[in-house]
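Residue numbers (the numbering used here), protein chains in the order written: chain A, 1 to 121; chain B, 1001 to 1228.
Just so you know, not all the hints are guaranteed correct.
[As the list claims (entries may be wrong)] The calculated lysine-lysine pairs, modelled on BS3-like cross-linking and capped at a C-alpha distance of 25 Å, are:
no., chain 1, residue 1, chain 2, residue 2
1, A, Lys10, B, Lys1105
2, B, Lys1189, B, Lys1102
3, A, Lys10, B, Lys1102
4, B, Lys1031, A, Lys64
Note that these hints are calculated values from the structure, not bench results.
Single-letter residue listing:
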Amino acid sequence: MDTNKIDYAKEKVGYYKVLGGLLLLTTLTFIQPHMFLEHYTFTVQIMIGATKAWIILMYYMHMKGETLIGWTVVFAVSLVVFFFTVVIPDVNHFQFKEESHITSQAHIEVDYGHHTASHEE
Amino acid sequence: MSHEYVPEIATSRDGKQHEVQGWQGDFYGGKLGFWLFMLTEVMMFGAMFLVLTYYYSLHQQDFIDASSHLNRLLGGTNTVVLLISALTMGLGLLRMRTGDVKGAKLMIYATIILAIIFLGIKAVEWREEFEHGVFLGLDALQSGNEHSRPFGQILFYGMYFTMTGLHGFHIIIGIGLMIWLLKRINAGKVTTEHHILHFNIALYWDLVHLIWVFVFPYYYMIGAGSGH
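Make the full structure from the sequences, and use the hints.
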């Protein structure tokens, strides 16, 4: 790929359009928790973030048209997404609360032989 | 100290001799290598986001409460500052590719200034949090004392200071790289024909921006609608 044959004026307009799109999505980030889908803020925010990331990857990081590097990125991100997919549902069946340093000790029920007691007692 | 350039010669199977290209002359190789480095960064930050999501699923209300106390005005300003800095970095690369070296340098200077503004705003924000008693090592973020925050909030703030600190460290590295790039341009080592270094540093800056694109909603926005 010859990277030097470019039309500066045309490319510059492209950069400004991308900036406009990203600013629009940033505005959406700010108004969403107060205006729509208030109960799904976390999911909506991450989806807006993912859209922004895709735009940055394609247009600022020049991934558009890059086959080899594109698939390398897809592979690496897929690994991360795979771990997310495996681990997050498993959180619902967390078995080691007693030994954990990441769960609040105040609400853990500990089995003392025949008795079950709470740390809150 | 300068050395006379001695080309390295490789001989192919059919006996022909070729000059071995340095990294400056191998644009695609240089780019691919840098992408591999950036993927290690993606996996490192990806693991942190995984931990964060995991903690969030365990302590949702604490995370929302803690998030609602962060300064969204300063965080949002930093988001816009980084957005504009990504533009100046990109325009600088465009100018380099079209032969406008002076314009390219101006854009790099602008990016450095925006990066320093980002760090300044982050410093103000951290100071504000320190004054409210919320900082690594202070009682509020230690469990088992009268000032302790709820357990989920301790996790939230621990991750917040770790990740924004690591991101800030990447910004500092980026400033260093841009200063080095300016030195290389001044020395004539980065030119319109050989601009892979400029290209890769612009990629690095976009990555720093990309990470912030997720850091911002994860920390600042999840508690935005909770009424604080």
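A quick look at each hint next to the structure:
1. Distance hint between Lys10 of chain A and Lys1105 of chain B is fulfilled; the C-alpha atoms sit about 21 Å from each other, no more than 25 Å.
2. For the given pair, Lys1189 of chain B sits about 15 Å from Lys1102 of chain B by alpha-carbon distance, which is consistent with the 25 Å threshold.
3. A hinted pair counts as satisfied when its Cα atoms are at most 25 Å apart, and Lys10 of chain A with Lys1102 of chain B qualifies at roughly 20 Å.
4. Distance restraint check for Lys1031 of chain B and Lys64 of chain A: the Cα-Cα separation of roughly 14 Å lies within the 25 Å cut-off, and the hinted pair is therefore satisfied.
Comparing the model with each numbered hint stated earlier shows that all of them hold.
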